[in-house]
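Chemist: Using the sequences provided together with the hints, build the complete structure.
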Amino acid sequence: MSPPFALTLCALALGPSALGLGQAAPDFSATALDGRRVSLGEAVRSHRAVVVLFLSTVCPYARYFADHVSDLDRTYGPKGVLFVGVNSNQFETAEETIESARDHDYAFPIIRDQGASIADLFGAGRTPEAFLLDAEGKLRYRGWVRSKLLSPDLQRGLDAVLAGKPVRVAETKAFGCTIDRPKLPR
Amino acid sequence: MSGQAPRTALMGIAAAAGLLAAPTPSLGQAWLPPKGEASFNLVYQYQRAPWHTSSTGERLDRGLMEWNYVMADLGYSISDRLAVRVAVPFVLSKYTGTFPHRMNGNVVRADNGSQHGTLQDLRVEARFMATSGSLIVTPFVTGGFPTVKYETMGHASPGRGLWEVGTGVNLGRRLDPFLPNAYAQGRYAITIAEKVVGRPHNRSNASLDLGYFLTSALTLRASVAGQMTHGGLRAPQDTSNPANLLFHDRLVREDYFGVGTGVSYALTGSTDVFVSGFKQLSGRNGVLSSTLAFGIAQNFSPAQIIRKKRRSPPSTEP
Chain D
1 MSPPFALTLC
11 ALALGPSALG
21 LGQAAPDFSA
31 TALDGRRVSL
41 GEAVRSHRAV
51 VVLFLSTVCP
61 YARYFADHVS
71 DLDRTYGPKG
81 VLFVGVNSNQ
91 FETAEETIES
101 ARDHDYAFPI
111 IRDQGASIAD
121 LFGAGRTPEA
131 FLLDAEGKLR
141 YRGWVRSKLL
151 SPDLQRGLDA
161 VLAGKPVRVA
171 ETKAFGCTID
181 RPKLPR
Chain L
1001 MSGQAPRTAL
1011 MGIAAAAGLL
1021 AAPTPSLGQA
1031 WLPPKGEASF
1041 NLVYQYQRAP
1051 WHTSSTGERL
1061 DRGLMEWNYV
1071 MADLGYSISD
1081 RLAVRVAVPF
1091 VLSKYTGTFP
1101 HRMNGNVVRA
1111 DNGSQHGTLQ
1121 DLRVEARFMA
1131 TSGSLIVTPF
1141 VTGGFPTVKY
1151 ETMGHASPGR
1161 GLWEVGTGVN
1171 LGRRLDPFLP
1181 NAYAQGRYAI
1191 TIAEKVVGRP
1201 HNRSNASLDL
1211 GYFLTSALTL
1221 RASVAGQMTH
1231 GGLRAPQDTS
1241 NPANLLFHDR
1251 LVREDYFGVG
1261 TGVSYALTGS
1271 TDVFVSGFKQ
1281 LSGRNGVLSS
1291 TLAFGIAQNF
1301 SPAQIIRKKR
1311 RSPPSTEP
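Protein chains in written order, with the numbering used here: chain D, 1 to 186; chain L, 1001 to 1318.
Bear in mind the hints are in silico, worked out from the structure with no lab data behind them. It should be emphasised that the depicted structure is a prediction, and the values quoted were computed from it without experimental measurement. Ideal Cβ positions, reconstructed from N, Cα and C, are used throughout, including at glycine. Among the hints, a few may not be true.
With the Cβ distance kept under 10 angstroms, some of the chain D side facing chain L (calculated, not the full set) [said to hold, decoys possible]: (1) S56; (2) V58; (3) Y61; (4) R63; (5) F65; (6) Q90; (7) F91; (8) G125; (9) G143; (10) S147; (11) L150; (12) S151; (13) D153; (14) C177; (15) T178.
Quick list of in silico lysine to aspartate or glutamate cross-link-like pairs, EDC-like style, CA-CA up to 20 angstroms [stated by the list, open to error]: (16) L:K1094 x L:E1066; (17) L:K1035 x D:E96; (18) L:K1279 x L:E1058; (19) D:K79 x D:E136; (20) D:K138 x D:D67; (21) L:K1308 x D:E96; (22) L:K1279 x L:E1066; (23) D:K79 x D:E42; (24) D:K79 x D:D67; (25) L:K1195 x L:E1151; (26) D:K138 x D:E42; (27) L:K1309 x D:E136; (28) L:K1149 x L:E1164; (29) L:K1308 x D:E95; (30) L:K1035 x D:D67; (31) L:K1195 x L:E1164; (32) L:K1035 x D:E99; (33) D:K138 x D:D27; (34) L:K1195 x L:D1255; (35) L:K1035 x D:D103; (36) L:K1279 x L:E1254.
Modeler: As structure tokens, then:
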């Protein structure tokens, strides 16, 4: 793996635990696949909201919603929202993730989460699965990007957070593919 | 929003769909899962028919018929617009009563009071989602082919043992903004069945299905469904004719109307369990039955499974 794509994760990941609504998200920093340095703590301080989105290049639902995610980024980026993509699947490579990001025209940073440490920090289990943090870094929405009826719940969460209102549907059951974590040593 | 308009294809809204609408498991929905998504459903269905019906709709007590189905159903989305499914039911049937069918004076096997099990008909279906706007229009073709030669004479015969092909259309629509998190699906199908002694007995089926996502994991459903057979034998005018004795069970002009309800729950992001019931309220030339079904639906990505299998040893990248 070439250095620009290397992940340097600085997180205290002791194991998977779900991040609860209203809780402050754990800080992490990593180098994204495009070379950008991403620090969640700094991102929260400098943006009105941050969406940490667990992605996959293979999962049908993650691929299906890719264009919608790209649209959300374009729409809400200028409004002070940062999208951070995370690919935690162990069977996927950085090259595939870069290619997929290019195909879907993703403009936001994407982190290759080797070891699935970030997924563990957030308690993410699926792709796609979104975690919406407000300007204080607190979790305001977690779950699917859109529902099975295409209800845009992440987008509604973003609108509510930006308007300073409560998120009406704050937690949904993400569907899609299971995140492939490292096999535990026997 | 900029960019591509949101596509409205989705989403395997529960494997239970279709089960409510027919006395035996059927297939069909308006929404399709995305390309590369597969599903495996395992369904148990109990059907109980205490009444026969005449051509005028009169209820006749001719004994109790019971069918137990176990159906394995595999589906795959070839693209975001094209999905295929195949299903094979195993049927266990039983007749209890004092009016069994007889042949040469002997009670036929299906009606001898014992349980009889067999594989039934292989069912295949292809659906094409033609529109992706607010109204989903999904035409489909179906086929049914007996997998084995089973008994077709008897109140509790496992099936008709005939090939059949069908076509029709599913319509689906979200009901927001009027009723957020709800949807309606309509279905019409015309089925051309293999003729018996040169007589046609094709049928039309129609259903309307309303669903409501009570929570992100819990879905409630209600449906109405009906069938009208075009051709076939009337009961008892035609079925009591000794000349029709051998094949009348395969050829009856069965019509019915019924209502159903169901609930499904997402155990995980890829596993749903469901239970549903359907009751035929009225009918002609057939039976009136009640059906209870429950099952589990597992969605998966074959591509992801293959990639995991091929997964190389842990990388040494930093």
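Chemist: Hinted pair, alpha-carbon criterion (20 angstroms max): L:K1149, L:E1164. Please report holds or violated.
Modeler: Within the cut-off at roughly 15 angstroms; holds.
Chemist: Close enough to count: is the Cβ of D:S151 nearer than 10 angstroms to one in chain L?
Modeler: holds, 6 angstroms
Chemist: The hint names D:V58 as touching chain L; please verify it with the least Cβ-Cβ distance against 10 angstroms.
Modeler: Holds: closest Cβ of chain L sits about 5 angstroms from D:V58, inside 10 angstroms.
Chemist: Against chain L, run the beta carbon of D:F65 and see if the smallest gap drops under 10 angstroms.
Modeler: holds, 9 angstroms
Chemist: Would the pair D:K79 and D:D67 pass a check requiring their Cα atoms to be no farther apart than 20 angstroms?
Modeler: holds, 19 angstroms
Chemist: Taking 20 angstroms as the top limit, are the C-alpha atoms of L:K1279 and L:E1066 close enough?
Modeler: holds, 14 angstroms
Chemist: Taking 10 angstroms as the limit, does the beta-carbon of D:D153 come near enough to a beta-carbon in chain L?
Modeler: It holds, given that the least Cβ distance between D:D153 and chain L is near 8 angstroms, below 10 angstroms.
Chemist: If you draw a straight line from the CA of L:K1094 to the CA of L:E1066, is it 20 angstroms or shorter?
Modeler: holds, 5 angstroms
Chemist: Against the 20 angstroms threshold, does the CA-CA distance of L:K1035 and D:E99 hold or violate the hint?
Modeler: Satisfied, since the Cα-Cα distance of roughly 19 angstroms is no more than 20 angstroms.
Chemist: Taken at face value, is the distance from the CA of L:E1151 to the CA of L:K1195 at most 20 angstroms?
Modeler: Distance ~17 angstroms between L:K1195 and L:E1151 Cα, so the pair holds.
Chemist: Does the alpha-carbon distance linking L:K1309 and D:E136 stay inside the 20 angstroms limit?
Modeler: Roughly 41 angstroms separates the two Cα atoms, so the pair is violated.
Chemist: Holds or violated: L:K1035 with D:D67, Cα cutoff 20 angstroms?
Modeler: It holds: about 14 angstroms lies between the C-alpha atoms, which stays within 20 angstroms.
Comparing the model with each numbered hint stated earlier shows that hints 20 and 27 do not hold.
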